[in-house]
Amino acid sequence: MSSTASNPNLKSNRTPTGVPRLDLLLKGGLYNGGLYVVQGAPGLGKTILANQCCYAAAKAGRPASFLSLMAESTGRLTSYLEDFTFVDSSLVGGLVEYGSAYQTLRDHGLSKLLELIKKNIIARKAKLLVLDGLDSVENLAGSPAEYREFIYSLQNFAGLLKCTTLLLTPARSVEERMPRPEQAISDGVIELTEHQIGPRAVREIQILKFRGSDFLKGRHEIEINENGLVVHPRTEVQFGATPPVRPVSFRTRLAFGVPAFDKMVSGGVQAGSMTTLIGAPGTGKTSLGLSFLLEGARRGEAGVYFGFYESAEELIEKAETIGIPVREFVDNGLIEIQWQQSVENIADSLAERLLERIRARNQKGVRVFIDGMTGFRKSLAYPERFGAFVSALTNELRNIGATTIYSEETDLFGSEVLLPDRAMASVVDNVFFLRYVELRSRLFRLISIMKMRSSAYDPHIREFRITSNGISVSNSFSSAEAILSGSAKMVNAVIAEKEKVKAKKKKLAGRQK
Amino acid sequence: MKTTAGRVIVVDDEKDFADNVALLLREEGYDAVACGSGPELLERMKSETPALIILDIMMPAMTGLAALAELRKSANGGAVPVLLFSASREPAGVEKTWQEFLPKPFDIDELVRRVKRLCP
Chain V
1 MSSTASNPNL KSNRTPTGVP RLDLLLKGGL YNGGLYVVQG APGLGKTILA NQCCYAAAKA
61 GRPASFLSLM AESTGRLTSY LEDFTFVDSS LVGGLVEYGS AYQTLRDHGL SKLLELIKKN
121 IIARKAKLLV LDGLDSVENL AGSPAEYREF IYSLQNFAGL LKCTTLLLTP ARSVEERMPR
181 PEQAISDGVI ELTEHQIGPR AVREIQILKF RGSDFLKGRH EIEINENGLV VHPRTEVQFG
241 ATPPVRPVSF RTRLAFGVPA FDKMVSGGVQ AGSMTTLIGA PGTGKTSLGL SFLLEGARRG
301 EAGVYFGFYE SAEELIEKAE TIGIPVREFV DNGLIEIQWQ QSVENIADSL AERLLERIRA
361 RNQKGVRVFI DGMTGFRKSL AYPERFGAFV SALTNELRNI GATTIYSEET DLFGSEVLLP
421 DRAMASVVDN VFFLRYVELR SRLFRLISIM KMRSSAYDPH IREFRITSNG ISVSNSFSSA
481 EAILSGSAKM VNAVIAEKEK VKAKKKKLAG RQK
Chain H
1 MKTTAGRVIV VDDEKDFADN VALLLREEGY DAVACGSGPE LLERMKSETP ALIILDIMMP
61 AMTGLAALAE LRKSANGGAV PVLLFSASRE PAGVEKTWQE FLPKPFDIDE LVRRVKRLCP
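Protein sequence lines correspond, in order, to chains V and H. Taking the working numbering, the leading residue of the first sequence gets 1, the next gets one more, and so forth. Taking the working numbering, the leading residue of the second sequence gets 1, the next gets one more, and so forth.
For the record, the hints were derived by calculation from the structure and aren't laboratory data. Don't take every hint at face value.
Said to hold, decoys possible - Cross-link-like lysine-lysine pairs, in silico, BS3-like; alpha carbons within 25 angstroms at most:
hint, chain 1, residue 1, chain 2, residue 2
1, V, LYS125, H, LYS104
2, V, LYS125, H, LYS116
3, H, LYS15, V, LYS125
4, V, LYS162, H, LYS116
5, V, LYS263, V, LYS209
6, H, LYS46, V, LYS119
7, V, LYS112, H, LYS15
8, V, LYS119, H, LYS116
9, H, LYS104, V, LYS162
10, V, LYS162, H, LYS15
11, V, LYS119, H, LYS15
12, V, LYS27, V, LYS318
13, H, LYS96, H, LYS116
14, H, LYS46, H, LYS15
Full structure from sequences and hints, please.
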């Protein structure tokens, strides 16, 4: 949750909302004394959001009043909230007060409601006021003019006392073209929406208006969990604008711990670079990625594994069987394994988690292995975001000093070598290609370097072996023909040569008899 | 002429603002009323002498300074403490006939402090 102490951008005339990353969208919290509309269909989280604001204010010593304008009892409301972590029941009745103003509104009208609200703010010295159910005010107003006047008067009064006000109201019909009175008068409008994309229900938040400050535009996914409503700003909007910073030590090479392969890549990948390992399932991408982390750990460098397929224990055991003993470094914390369950994820949430784990290491030059960029791709509600998303994530990974390897899966036996997503081409610095080749009824693994930005590399194709003693890379497979087409043929000359050698040996053996 | 103890008159052409300030001062124990213009204030002064006048400067019908000048000429307005407020700067180059100046927007707690100082 954001707070004044943790958000250096928060000016003294703005208040943290207490909603994770909402202050990021607002570029610094709500203005003290501002009047804001929070609109959205029932059940999307308006009341939760408003309550998070109340408790954040209260925890900062600023009294908050939550007034319901609906027939629902406040007891019912508070019972729904008690399981959220942001709720502190010791504050209820003190710095957080719940009340109902519905009866006053219904029986005595808008002027009496306004009088009640004013007296509540004065008496409690409230610095945050929530009115839940603004539509009740409009429905019971004698005229549109009276409704507008109510909002103006409330805005003036709350502004004078620097009491930030949130007006919660249901979503408006998309057929209404004119701005609503509360939208036009207010200092800001926050909208919560939900729509279906295939079988998936996508919940989003959008800042439609915010006087006095720039804000992150567009729709951003949200979720409701035990912490309340959590905002996941689009990664490309959060990080895309920051120019990448080359780490001071970018000329440093980070090795994989596979001697012949490290030689192929001139000692290793450059610090701060982004590398993709492309290959069919089973070609060794995870093994090579783990080797990268292991080599770093052996040199005292922190590493983060971020994967989607295997749990930590499965991964550690699998690594041990192929001679990549990471357990010791996982146990001592130098290598961290972050496994994401294969459920409906929010891509931006995954990116946040990854970046948070890297920052939490609080070390320069963290090695990162993302096992399966597909995991991010599948989490995007809008697949067309992928290019911009990865570009921004790469940007930020570089900015925080990470050297990143990620794996991408290709078809098992394809004849073309293409990056699964063309958008990645400009973003990655290095591309390593692993594939199978069938040769005389055997499957061999091959590795080659397709690209290394600003670095020399060995362009030869090499055999890549995974044994119980680890990974090894052998001599060039130059005798094979058409390797990249997926089928290897022995050239006649090589076959003839081998036959010749075989014949010689046979002759020699015959003579010796 | 009746002197109304604790009577504060708040003068501002923005009615909502004047009403709100008056309400807040009533909650602080003052007998506060709102007034929408300089002429309205001068009319009131014919029948009462407040303990304090809070006066906006920028008003359309008659500016606060003009109203203040008239007030000081009146029989009972010469000694009434006046707190001027405005979104513009404190007037300069004129005889200072007011006691306090508060720039807008102001903190309501600061207003109350000034009122208590002028009208204990």
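Structure-based check of each hint:
1. The straight-line distance between the Cα atoms of LYS125 (chain V) and LYS104 (chain H) is roughly 20 angstroms, inside the 25 angstroms bound, and the hint therefore holds.
2. For a cut-off of 25 angstroms, the pair hint linking LYS125 (chain V) to LYS116 (chain H) stands: about 18 angstroms separates their Cα positions.
3. The suggested pairing of LYS15 (chain H) with LYS125 (chain V) holds, with an alpha-carbon distance near 23 angstroms, which does not exceed 25 angstroms.
4. A distance of roughly 21 angstroms separates the Cα atoms of LYS162 (chain V) and LYS116 (chain H); the hinted pair therefore holds under the 25 angstroms criterion.
5. For the proposed pair LYS263 (chain V) and LYS209 (chain V), the alpha carbon gap of about 56 angstroms is over 25 angstroms, so the pair is violated.
6. Taking the CA atoms of LYS46 (chain H) and LYS119 (chain V), the gap is near 32 angstroms; set against the 25 angstroms cutoff, the hint is violated.
7. Pair hint LYS112 (chain V) plus LYS15 (chain H) holds up; C-alpha atoms about 18 angstroms apart against a cutoff of 25 angstroms.
8. Distance restraint check for LYS119 (chain V) and LYS116 (chain H): the Cα-Cα separation of roughly 21 angstroms lies within the 25 angstroms cut-off, and the hinted pair is therefore satisfied.
9. Of the supplied pair hints, the one linking LYS104 (chain H) and LYS162 (chain V) holds, its CA atoms being roughly 13 angstroms apart against a limit of 25 angstroms.
10. Between the alpha carbons of LYS162 (chain V) and LYS15 (chain H) the distance comes to roughly 19 angstroms, so the proposed pair stays at or under 25 angstroms and holds.
11. With a CA separation close to 18 angstroms, the supplied pair LYS119 (chain V) and LYS15 (chain H) stays within the 25 angstroms bound.
12. Restraint check for LYS27 (chain V) and LYS318 (chain V): not satisfied, since their Cα atoms lie roughly 45 angstroms apart, outside the 25 angstroms limit.
13. Proposed proximity of LYS96 (chain H) and LYS116 (chain H) is supported: the alpha carbons are some 21 angstroms apart, at most 25 angstroms.
14. Distance restraint check for LYS46 (chain H) and LYS15 (chain H): the Cα-Cα separation of roughly 22 angstroms lies within the 25 angstroms cut-off, and the hinted pair is therefore satisfied.
In this structure, the hints that do not hold are numbers 5, 6 and 12, in rising order.
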